[in-house]
Amino acid sequence: MGTIAATEDVDTTGVTPAERPVSGTGQHEAPPRARGPWARAWDRFKRNRLALISLIFCALLVLVAAAAPLIAPYHFGATDYANQLVGVGSEGHVLGTDQLGRDILSRTIYGLRTALIVAFGAELLALLAALVIGLTAGYRGGRVEQGLMAFTDVMYAFPSYLFAIVMVAVLGRSIIALIIAIGIAGWVTQARLVRAQVLTIKQREYVEAGRAMGASGPTIAIRYILPNAIGPLLVTTSFAIPAAIAAEAGLGLLGLGVQPPTPSWGAMISEGTRFLLAAPHMLLAPAAVFALSLLAFTWVGDGVRDAFDPRGEQR
Amino acid sequence: MDFLTFLSRRLVRLALCLVAVSIITFTLLQSAPGNFADIQRVTSGASSIGGTGTEQMLAESLSRYGDDVPAWQQYLTFMQGVATWDMGPSYRYAGRAVEDIIGSAFPISATLALLAVTLALLIAVPAGVFAALRQNSKADHSTMFLVTLGNALPSYLVAAFLIVIFSASLGWLPSSGWSRPEHLILPVLALSLGPAAVLARYVRSSMLETLREEYVTAAMAKGGPYRTVIVRHALRNSLIPLVTVVGPLLAALMTGTVFVEALFRIPGLGYYAATAAASRDMPLLMGTVLFFALIIMVVNLAVDLTYGFIDPRIRAEGGWGRSQLRKTSTQPA
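Chains A and B, in that order, are what the protein sequence lines are. According to the working numbering, the residues represented by the first sequence are 1 to 315, in order. According to the working numbering, the residues represented by the second sequence are 1 to 333, in order.
These aren't lab readings, by the way, just hints derived from the structure by calculation. Every residue gets a Cβ at the ideal spot worked out from N, C-alpha and C, and that includes glycine. Careful, some of the hints might be misleading.
[Unchecked claim] Mimicking SDA-like on lysine to any residue, the simulated pairs with C-alpha atoms at most 20 Å apart in a straight line are: (1) A:Lys202 x A:Leu148; (2) A:Lys46 x A:Cys58; (3) A:Lys202 x A:Ile220; (4) B:Lys138 x A:Cys58; (5) B:Lys138 x A:Arg49; (6) A:Lys202 x A:Gly101; (7) A:Lys202 x A:Ile222; (8) B:Lys138 x A:Leu50; (9) A:Lys202 x A:Leu226.
[Said to hold, decoys possible] FRET-style restraints, in silico, Cβ to Cβ: (10) B:Phe161 x A:Leu52: 22 to 32 Å; (11) B:Thr77 x A:Leu52: 30 to 40 Å; (12) B:Glu182 x A:Gly77: 31 to 41 Å; (13) B:Pro107 x A:Arg204: 36 to 46 Å; (14) B:Thr148 x A:Leu60: 38 to 48 Å.
Produce the complete structure using the sequences and hints provided.
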């Protein structure tokens with residue numbers, strides 16, 4: 001059976017490129033290629049100017065966060081007592097300093113790093129948990145499903161922000177703790193979605209065919225069902241990223257974020273309200289970057305949703 | 001399903017959910033370093049309470065929860081306290097009982113949330129109608145752009161910008177505190193803009209739908225004054241689905257108050273929950289978390305009940321269940 005599948009593979013890949021020039025009619029047209037659902041989704045995404053610009057901006061943010069030690073002019077904890085609370089545009093401190101003379105630009109950049117590490121880490125965790133629980137529940141059915149879904153129902157009733165607050169109180173204020181707190185608070189909706197997807201896909205013929213050919217449960221779940229469930233999951237995940245960024249900052253605002261002096265936008269904003277009159281830039285700089293990042297990630301999410309939403313084609 | 005059966009079933013489920021939430025919270029807090037009655041020994045040193053006060057509090061909580069008793073017994077003691085509305089002293093706020101703190105803080109949070117929903121409606125309905133009547137015009141697009149902004153930015157970030165504008169630059173309004181009426185303005189404004197965005201989007205699409213209805217065309221054809229037709233025929237009918245959105249928004253607002261209260265230093269429920277978590281004040285944290293969860297669940301239940309009253313079809317489909325309308329993009333903050 002394995003050999004048959006292998007030769008078929010070679011056959012198709014061998015033929016299609018050779019046929020392409022023949023089937024392409026007009027020279028001015030791009031040669032028609034086999035357009036998979038991913039390629040079509042990408043085409044739709046590209047047409048959305050705002051989403052595309054946002055995506056580029058987000059990529060830039062990720063780069064800046066990754067290269068923070070190279071880009072930031074100072075270390076986030078470096079104090080400069082000669083220049084406390086100096087304003088925007090001061091010499092050596094483009095965005096000014098805080099009450100300890102720490103460079104606001106550097107702290108904002110490192111705050112971005114904290115936000116993105118926590119947000120992506122938490123979403124990865126949430127996605128993994130949702131996939132394992134949702135796939136298992138949806139595919140196995142019966143008792144396993146009932147048990148897992150009862151558990152998700154209880155977690156759904158638990159207000160996610162309260163859960164995150166309790167988790168941080170328990171785990172302490174570290175990056176790992178924040179990732180776990182926000183990730184666990186976020187997986188429930190995803191798990192429900194995965195299960196719903198699995199339940200519909202499970203009925204399709206190709207899954208039945210796979211089963212008839214003797215594929216095992218996990219193989220079917222991962223090789224047959226998962227790839228077809230991933231579109232909607234990608235949409236919710238791309239909306240979950242800005243939500244996780246906001247959650248990280250929110251916890252920082254409550255004094256439950258990363259341990260100082262490691263900067264978090266939320267903690268910077270909270271600190272900024274104490275020096276509002278003397279140094280409004282302390283609040284404004286992180287808040288502005290925070291807002292721009294949230295908008296960019298949200299607009300990417302909008303673009304991804306429209307790209308995967310079949311109704312989007314009518315527009 | 002008849003109403004009473006549905007209601008009693010939902011109430012049982014709500015109670016079960018609350019118990020589950022309490023067990024999860026308690027188990028998690030148990031696994032934190034230190035024992036339930038002992039934690040303040042670790043933390044209160046830092047929270048500036050005098051030595052004698054600490055010893056006295058320790059004795060108090062020891063006599064309440066007992067020394068060296070199994071965790072499940074401490075849990076039962078606490079839940080008994082919840083049921084009898086006597087949750088014992090807070091660790092962080094010496095001399096204040098948990099139920100007193102919740103009792104004084106809840107009205108503040110509720111005031112904030114209700115005022116914010118009211119303001120959100122006052123902003124959203126005109127904005128949504130305006131955008132719908134000028135569909136695809138520049139005014140429509142810019143209104144909807146503002147809506148996107150309000151939807152994407154959490155309330156505390158809006159609050160931060162409002163503070164910079166109205167407190168720091170203009171000096172019109174105070175940036176923190178809770179004693180005079182003007183302390184209400186910025187928090188309520190910050191809380192209401194997000195929900196206003198969600199609501200405006202609903203009003204717009206609902207209005208666009210009703211404007212296409214035949215009865216609106218008929219009313220126009222009969223020569224009714226434009227304004228009357230819009231308000232009496234179109235707006236009235238397009239506001240019905242809104243009821244279903246306001247409920248979940250109210251629940252989301254309750255969580256939003258946590259951050260706004262922290263930012264403006266308003267002594268509401270969320271403020272206490274956050275300080276309790278930061279100082280590991282376990283009784284207060286348990287109490288506020290449970291109370292919060294209860295409120296959110298009650299609001300959700302009330303919403304599900306109103307669905308049944310508004311839309312008889314939901315009643316027919318096996319009873320008072322959740323409908324499609326429930327899917328609001330309510331960002332918690």
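Outcome of the hint check:
1. A:Lys202 x A:Leu148: holds (18 Å)
2. A:Lys46 x A:Cys58: It holds: about 15 Å lies between the C-alpha atoms, which stays within 20 Å.
3. A:Lys202 x A:Ile220: holds (9 Å)
4. B:Lys138 x A:Cys58: Violated: Lys138 of chain B and Cys58 of chain A sit about 28 Å apart, past 20 Å.
5. B:Lys138 x A:Arg49: Measuring from Cα to Cα gives roughly 18 Å; hence the hint holds.
6. A:Lys202 x A:Gly101: Given pair Lys202 of chain A, Gly101 of chain A is violated - Cα atoms ~60 Å apart, limit 20 Å.
7. A:Lys202 x A:Ile222: holds (12 Å)
8. B:Lys138 x A:Leu50: holds (17 Å)
9. A:Lys202 x A:Leu226: holds (10 Å)
10. B:Phe161 x A:Leu52: 22 to 32 Å: holds (27 Å)
11. B:Thr77 x A:Leu52: 30 to 40 Å: Distance hint for Thr77 of chain B, Leu52 of chain A is violated at roughly 59 Å.
12. B:Glu182 x A:Gly77: 31 to 41 Å: Given range 31 to 41 Å: holds, Cβ gap about 38 Å.
13. B:Pro107 x A:Arg204: 36 to 46 Å: violated (54 Å)
14. B:Thr148 x A:Leu60: 38 to 48 Å: violated (21 Å)
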